[in-house]
Structures are given as C-alpha cells and as structure tokens.
Amino acid sequence: MPDFWYNGRVYYNPVEFAVSHLGGLWKMPILWRLQKGTLRYGQLKEDIAHISDKMLSSQLKELVKDGFVKREVYPEVPPKTEYSLTEKGKKSIPIIEVIRTYGLNLMDEAGIDTDPYRL
Numbered sequence: 001m002p003d004f005w006y007n008g009r010v011y012y013n014p015v016e017f018a019v020s021h022l023g024g025l026w027k028m029p030i031l032w033r034l035q036k037g038t039l040r041y042g043q044l045k046e047d048i049a050h051i052s053d054k055m056l057s058s059q060l061k062e063l064v065k066d067g068f069v070k071r072e073v074y075p076e077v078p079p080k081t082e083y084s085l086t087e088k089g090k091k092s093i094p095i096i097e098v099i100r101t102y103g104l105n106l107m108d109e110a111g112i113d114t115d116p117y118r119l
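When you line the sequence shown up against the numbering used here, it's residues 1 to 119, in that order.
Source of the hints: derived by calculation from the structure; they are not laboratory data. Treat the hints loosely; a few may be bogus.
What the hints assert, rightly or not - Here are the simulated DSS-like pairs of lysine-lysine, each with C-alpha atoms no more than 25 Å apart in a straight line:
no. : residue 1 : residue 2
1   : Lys45     : Lys65
2   : Lys65     : Lys88
3   : Lys54     : Lys65
4   : Lys65     : Lys91
5   : Lys61     : Lys88
6   : Lys45     : Lys61
Stated by the list, open to error - Across the chosen pairs, the derived CB separations fall in these ranges:
no. : residue 1 : residue 2 : range
7   : Tyr102    : Lys80     : 33 to 41 Å
8   : Asn105    : Arg40     : 27 to 35 Å
9   : Pro94     : Val10     : 36 to 44 Å
10  : Thr81     : Tyr117    : 24 to 32 Å
Glycine included, every Cβ here is placed at the ideal spot set by N, Cα and C.
All chains should be built: construct the whole structure from the sequences, respecting the hints.
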C-alpha cells in the first residue's frame with residue numbers, strides 16, 4: 001500500500017489516517033455525547049468524567065478544525081457557545097458504536113460490570 005501525505009504528515013494506511021482524526025482518549029466520547037444534540041461547553045464538561053478544561057477545549061478545537069463538530073458562538077454577555085455534530089461527525093457515530101460495543105463485550109469477558117455503561 002502506498003504512503004500518502006496530508007497536511008505535512010505521512011500516513012501509511014487508511015486506518016492510521018482515521019485514527020489520527022478520531023483516536024485518543026477523548027474525541028470519541030465527545031462525539032458520542034454530541035449525537036444527542038447540541039450541547040454547551042459546560043454540559044460536555046459535566047457529562048465527561050475526568051476530562052480537564054484544557055483537554056476538552058483542545059479536543060473540541062481539533063474536532064472543529066477537522067470538520068466533525070460545529071462551534072457556534074452567540075454574541076451575548078457572557079458569550080454562549082454551542083457545539084453540534086456536522087454531517088462528517090454524524091458519519092463517525094456508527095464507527096464509534098461498533099468500537100463501544102466491542103469494548104463492552106471485552107469488559108463482559110473480563111468480568112467487569114458493564115451496567116453503568118449501558119445507559
């Protein structure tokens with residue numbers, strides 16, 4: 001399979017390219033929550049345990065830059081910012097769902113209680 005360049009970086013295969021956009025600890029949980037609808041920063045922060053403000057902010061910026069999330073700022077005092085999935089972001093949800101289901105199956109096999117994750 002040939003290498004390819006994108007934004008100054010070489011990629012070796014399509015899986016690596018996809019993981020570079022969706023991988024990491026926080027991007028998929030952010031996208032997963034946004035499938036419910038538009039959320040404000042504080043709502044995302046409250047719903048995603050253990051994520052720092054710095055990490056949530058940087059991951060949202062990357063998701064917006066890569067076209068998965070739309071950021072809308074309303075000129076109010078204080079400013080109101082909302083995040084929602086773009087069409088590209090919506091296309092990622094079935095992939096995330098497969099990975100999530102596989103993770104739940106692995107947890108079941110390992111004897112880990114998955115009930116809290118099946119909400």
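Thr81 versus Tyr117 beta-carbon gap, inside 24 to 32 Å or not: With a Cβ separation near 28 Å, Thr81 and Tyr117 satisfy 24 to 32 Å, so the hint holds.
Straight-line alpha-carbon gap Lys54 to Lys65, limit 25 Å: 16 Å, holds
Hinted pair Lys65 and Lys88, Cα distance within 25 Å: OK: Lys65 and Lys88 at ~12 Å, within 25 Å.
Proposed proximity, Lys91 with Lys65 (alpha carbon, max 25 Å): Holds: Lys65 and Lys91 sit about 16 Å apart, inside 25 Å.
25 Å Cα cutoff - pair Lys45, Lys61: 14 Å, holds
Pairwise beta carbon distance, Pro94 to Val10, judged against the given window 36 to 44 Å: Violated: the Cβ-Cβ distance is about 28 Å, outside 36 to 44 Å.
Distance restraint evaluation - Tyr102, Lys80, Cβ atoms, bounds 33 to 41 Å: 37 Å, holds
Distance restraint hint 27 to 35 Å, applied to the beta-carbon atoms of Asn105 and Arg40: 33 Å, holds
Given hint Lys88 paired with Lys61 - CA-CA distance at most 25 Å: 15 Å, holds
Restraint status (C-alpha distance of Lys45 to Lys65 at most 25 Å): Holds: Lys45 and Lys65 sit about 20 Å apart, inside 25 Å.
Hint check: a violation occurs at hint 9 only; the rest are consistent with the structure.
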